[in-house]
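Generate coordinates for the entire structure from the input sequences, incorporating the hints supplied.
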Amino acid sequence: MKKIVAIMAALAVSSLSAFALDITAGARGNFNMGLGTSLEGDMVDMRNSMKASISPSVTWKEGGDMGGGFAVYANFGLLDLGGGSLGVQPEFGMNFNNGYYFKAEQGSSVMEMNFYDSSIDIPVLVTFTYPVMDALSIGGGIGPYLSIPILCDGKEEITGLGSTVFSDDYDLKGSMNFGLAFDVNGAYKVGPGSIVLDLRYMMDFTPTKLTMKEKDTGHTYQEKEEIFTRRALTIGLGYQIKF
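Each number in this note's numbering corresponds to the 1-based position in the sequence shown with 1 added.
BS3-like cross-link-like pairs, simulated, lysine-lysine; straight-line CA separation at most 25 Å:
{"id": "1", "residue 1": "Lys-174", "residue 2": "Lys-156"}
{"id": "2", "residue 1": "Lys-156", "residue 2": "Lys-210"}
{"id": "3", "residue 1": "Lys-210", "residue 2": "Lys-225"}
{"id": "4", "residue 1": "Lys-62", "residue 2": "Lys-104"}
{"id": "5", "residue 1": "Lys-104", "residue 2": "Lys-210"}
{"id": "6", "residue 1": "Lys-156", "residue 2": "Lys-52"}
{"id": "7", "residue 1": "Lys-190", "residue 2": "Lys-243"}
{"id": "8", "residue 1": "Lys-156", "residue 2": "Lys-214"}
{"id": "9", "residue 1": "Lys-156", "residue 2": "Lys-104"}
{"id": "10", "residue 1": "Lys-214", "residue 2": "Lys-174"}
{"id": "11", "residue 1": "Lys-225", "residue 2": "Lys-104"}
{"id": "12", "residue 1": "Lys-62", "residue 2": "Lys-52"}
{"id": "13", "residue 1": "Lys-225", "residue 2": "Lys-174"}
{"id": "14", "residue 1": "Lys-156", "residue 2": "Lys-225"}
{"id": "15", "residue 1": "Lys-62", "residue 2": "Lys-156"}
{"id": "16", "residue 1": "Lys-214", "residue 2": "Lys-225"}
{"id": "17", "residue 1": "Lys-104", "residue 2": "Lys-52"}
{"id": "18", "residue 1": "Lys-174", "residue 2": "Lys-216"}
{"id": "19", "residue 1": "Lys-52", "residue 2": "Lys-210"}
{"id": "20", "residue 1": "Lys-210", "residue 2": "Lys-174"}
{"id": "21", "residue 1": "Lys-62", "residue 2": "Lys-210"}
{"id": "22", "residue 1": "Lys-156", "residue 2": "Lys-216"}
{"id": "23", "residue 1": "Lys-174", "residue 2": "Lys-104"}
FYI, nobody ran anything at the bench for these hints, they're computed from the structure.
A quick note: this is a predicted structure, and the numbers were derived from the prediction, not measured.
Next up, the structure:
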């Protein structure tokens, strides 16, 4: 499947290059915040059961994890429109530590459960870029993405009693997902290219489903169990050059 996606992406980029008025290529680093990420399926019942069993004096916290990543991209300007440029922007990125946690705290005692899912994300955005002045341009985009899991992990920890890392005893495999990305950005010319500040919101259409197999026996402990649905705000900083 991954090879098919790579071949299709290469063919699409080649086709766009033939028709582009201009091409801009760049790379950026990302800081991700899981704003809006939600638990799904039986995980909701587990969370509610744990929350109901604790004392009102115990502090409860939960939410999407913070993480990071990077991306490379090429923007193909296809049409001059209203003083700006309408284009298509395929990307290849990796985002680490997508996930969800919940924990109970009382003094120095902490009980925490955390699920992680790192992924390759391949968006294709329809973009519009507008030059505000010679050195500054602003833009935005919207488009679908394919998310391919590359590493799943989980941890249950009780302070003072040690921790259990699920992947020590199990092989964890996440599901492939699709989603929609909304993007705004600004580029300021420095040197031969431009420094780019990128703000993006990512919305998975489907929940991440986890398959867990015991390493020793190969027994499937759970299969395609819904864990969480990712919603992430991403702040990116990078550099791009127009050709």
